[in-house]
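Enquirer: From just these sequences and the hints, can you work out the full model?
Protein chains in written order, with numbering that gives the first Met the number 0: chain A, 0 to 170; chain B, 0 to 175.
Certain hints may be false.
Output of the computed footprint for chain A on chain B, the stretches with three or more beta carbons under 8 Å from beta carbons of chain A [to be verified]:
| hint | region |
| --- | --- |
| 1 | 64-78 |
| 2 | 141-151 |
Here are the simulated lysine-lysine pairs, DSS-like style, with alpha carbons at most 27 Å apart [said to hold, decoys possible]:
| hint | chain 1 | residue 1 | chain 2 | residue 2 |
| --- | --- | --- | --- | --- |
| 3 | A | Lys35 | A | Lys71 |
| 4 | A | Lys103 | B | Lys115 |
| 5 | A | Lys71 | B | Lys69 |
| 6 | A | Lys160 | B | Lys115 |
| 7 | B | Lys65 | A | Lys71 |
| 8 | A | Lys84 | B | Lys155 |
| 9 | A | Lys74 | B | Lys47 |
| 10 | B | Lys47 | A | Lys159 |
| 11 | A | Lys52 | B | Lys65 |
| 12 | A | Lys109 | B | Lys84 |
| 13 | B | Lys47 | B | Lys65 |
| 14 | A | Lys84 | A | Lys126 |
Treat the hints as calculated values from the structure; they're not laboratory data. All values derive from a computational prediction rather than experimental measurement. Backbone N, C-alpha and C fix where the C-beta goes; we use that ideal spot for every residue, glycine too.
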Amino acid sequence: MKSIRSLIALLSLAAVIFVTASAASAQAPAAAAMPKVKASSIQVVMVQSDEVKLPIAFQLSLYEQLIEQLDKTAKFQHIYRDGDKAAGDASDLLVLQSNVFGFKQGSEEKRQVTTVAGATQIKVHCKFVDKSGKSVFEQDVDGNVRFIGGNLRATFDFAKKVAALAVANFT
Amino acid sequence: MKMPRAVSLLSAAAAAIIGAGVLATPAAAQNPMSFPEVKCVFGLDGIKHNADGVMSVQNGTLEFTKGKKKVDIPASSITEVMTGKDTERTIGGTVGTLTMFAPYGGGRFLSLFRTKIDTLSLEYVDASGGVHGAVFILVEGNSLGAKKALLDAGAKTSVPVEVEADQGPAPKEKKQ
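Expert: As structure tokens, then:
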């Protein structure tokens with residue numbers, strides 16, 4: 000009887016320790032997560048492609064889609080374009096720099112005919128910097144189109160993901 | 000007896016066609032740099048994505064007209080003009096999407112029928128210095144003409160028209 004009781008006590012103690020530990024580990028990432036950065040306006044810089052040859056239509060589409068999707072989030076009071084003189088006077092300004100490091104131009108025809116082939120993929124390194132040029136947040140984001148839509152739809156996919164990142168990381 | 004009547008009918012028809020051609024010529028001459036059936040993929044303020052309209056280059060300005068809406072871009076503010084080639088599904092739009100549900104791979108088969116198109120990409124600057132990008136889809140063979148018209152009107156480019164014309168598909172060599 001004694002051995003059974005001690006076994007139950009040990010098991011319950013182990014269970015308590017396990018539950019406490021798991022609760023602590025769940026809270027740890029939240030505590031370690033970066034606090035949201037305050038930014039009232041953002042300037043989107045023209046997308047660069049130093050490493051890969053990117054057609055200009057994709058470059059322009061990435062840029063325009065970024066502006067459109069960031070505008071849709073209603074997160075920022077002002078969204079400035081690259082070269083906009085008014086951005087210099089803005090307070091709490093973030094600057095979004097994007098550099099394409101991977102690009103695979105698929106084929107809309109192949110996608111429509113085969114379903115599995117012809118995907119378009121764009122990989123972009125996105126960097127949010129403050130006015131002084133200090134990096135605030137950076138991440139690689141990709142854009143894909145696998146089934147329905149033209150090749151430029153990959154830029155829409157990418158821009159939506161960047162907009163979601165902006166919502167999650169900035170106030 | 001019936002032959003003279005037929006001849007007179009044919010000659011009347013020919014005269015009507017020639018007359019219509021003569022009348023139509025001045026109108027075409029007034030607006031020589033107009034490109035119909037242009038699709039604005041994106042990039043013009045106030046114009047929805049993939050809007051069909053008419054693009055024209057006149058008085059140093061690029062105009063895109065969609066119904067009552069008209070957007071002007073001064074050619075002098077255009078910093079880059081590039082052309083390209085692509086294909087699109089001949090049966091597109093909603094009907095094209097619905098064909099995907101056609102039985103026995105009918106939609107896939109229809110996807111093989113494609114129309115060649117030209118693309119025209121522009122980078123331009125607004126009054127406050129902000130950079131914009133716009134992409135248009137034109138009927139095959141029109142993009143170089145549009146680019147030349149824009150360059151003549153004051154637009155800038157990093158790739159001259161002649162170079163882009165040379166970059167076209169190489170002529171097939173004849174087998175001997």
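Enquirer: Looking back at the numbered hints, which does the structure fail to meet, lowest number first?
Expert: Numbers 1, 2, 6 and 11 - these are the hints that the structure violates, sorted from lowest upward.
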